[in-house]
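Letter by letter, the chains look like this.
2 protein chains.
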Amino acid sequence: MSDHSASNGKLPGLLRPALSRNVALLLESRIPARLSWVGLHGAPRIVPIWFVWTGDQLVMATFAGAAKLAELYEGALAAASIDTESFPYRSLRMGGHLSLTSLDGLADEYRAAAARYLGESAGRTWCRSLEGRPQVVLRLTPTWASASDMSRSPFLAEHG
Amino acid sequence: MSDHSASNGKLPGLLRPALSRNVALLLESRIPARLSWVGLHGAPRIVPIWFVWTGDQLVMATFAGAAKLAELYEGALAAASIDTESFPYRSLRMGGHLSLTSLDGLADEYRAAAARYLGESAGRTWCRSLEGRPQVVLRLTPTWASASDMSRSPFLAEHG
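Just so you know, the protein sequences line up as chains S and V, in that order.
Taking my numbering, the leading residue of the first sequence gets 2, the next gets one more, and so forth.
Taking my numbering, the leading residue of the second sequence gets 2, the next gets one more, and so forth.
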């Protein structure tokens, strides 16, 4: 259920292949990640954001000038939750350090995310409307992860 | 769209009646809040959690002994997002200070949340299975809030 391994560049066990069905489904889902970080003056922040999972990083993208970029920096700590909104809940959470890369236009990972979240055709239309806008790629390298799947809980087996 | 009012005990404008349709629907929805705070060693934390909105506080409950209680304290800063997982996205975010109250059993707000999220009957069954377990109520008094509704964006009017 849980793997809080030390941060030594090693991927947490539950994010290593072969992924559990629960983790794989969440990473392939159209559920936005909810990303949190610590903002100015120590205040917690949270935003829903598209992601793609590369096999070892959770990759997100934002547009140059976004307010969050005033608070995110190379090496900043972040945590993300990818979880279902309907009962019985399934969830995957992970945390680690962010790395940021500025681009002249849209990130490949953003195009991939748009295709997954919106479908191939609508994703292309979406990206076309944003073509040329500079993005900043946010790469979260997880040092810990935890997952849960309430559909496998003994409670539901008894009461479900 | 956005109201980052100063923290002076006054409810942010967009959480004051009459609520916009977007904000009202999110506060009445079965979407769990995603709650974030700053954990030990300054690491950002995030969990999905049931909530009820009382009109001026976002009220959540956790069980005594939950790991998060080692990191939450009276006056701790927290932020919450209540947002849809399907496009076009609608979201409500708010942040402020937490107050914590320990109880001998289930919180009334937790019973109300269970009824909303699971339905009246399943909510009662759920709570019956947890009867007598001590809870800690988390009350978030928002000092800022922001909302967005992509279904009202000019982009979708053009392309949708």
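Treat the hints as calculated values from the structure; they're not laboratory data.
Just so you know, not all the hints are guaranteed correct.
Since the list can't tell identical chains apart, any single copy or any two copies may satisfy a pair.
[Stated by the list, open to error] Calculated lysine to any residue pairs in the SDA-like style (CA-CA distance at most 20 Å, straight line):
#, residue 1, residue 2
1, Lys69, Leu101
2, Lys11, Phe88
3, Lys11, Asp150
4, Lys11, Ala44
5, Lys69, Ala44
All values derive from a computational prediction rather than experimental measurement.
Identical-chain pair category, Lys11 with Asp150, by Cα at 20 Å:
neither (24 Å within a copy, 39 Å between copies)
Tell me, please, which holds for Lys69 and Ala44 at an alpha-carbon limit of 20 Å: within, between, both or neither?
Both: 12 Å inside a chain and 17 Å across chains, each within 20 Å.
20 Å Cα threshold - placement of Ala44 relative to Lys11:
Cα proximity of Lys11 and Ala44: across copies only (19 Å, versus 29 Å in one copy).
Alpha-carbon proximity context of Lys11 and Phe88, limit 20 Å
Classified as neither; 32 Å inside a copy, 34 Å across copies.
How do Lys69 and Leu101 come out at 20 Å by Cα distance, when the copy is not named: within, between, both, or neither?
within (12 Å within a copy, 29 Å between copies)
Of the numbered hints stated above, those contradicted by the structure are hints 2 and 3, listed in ascending order.
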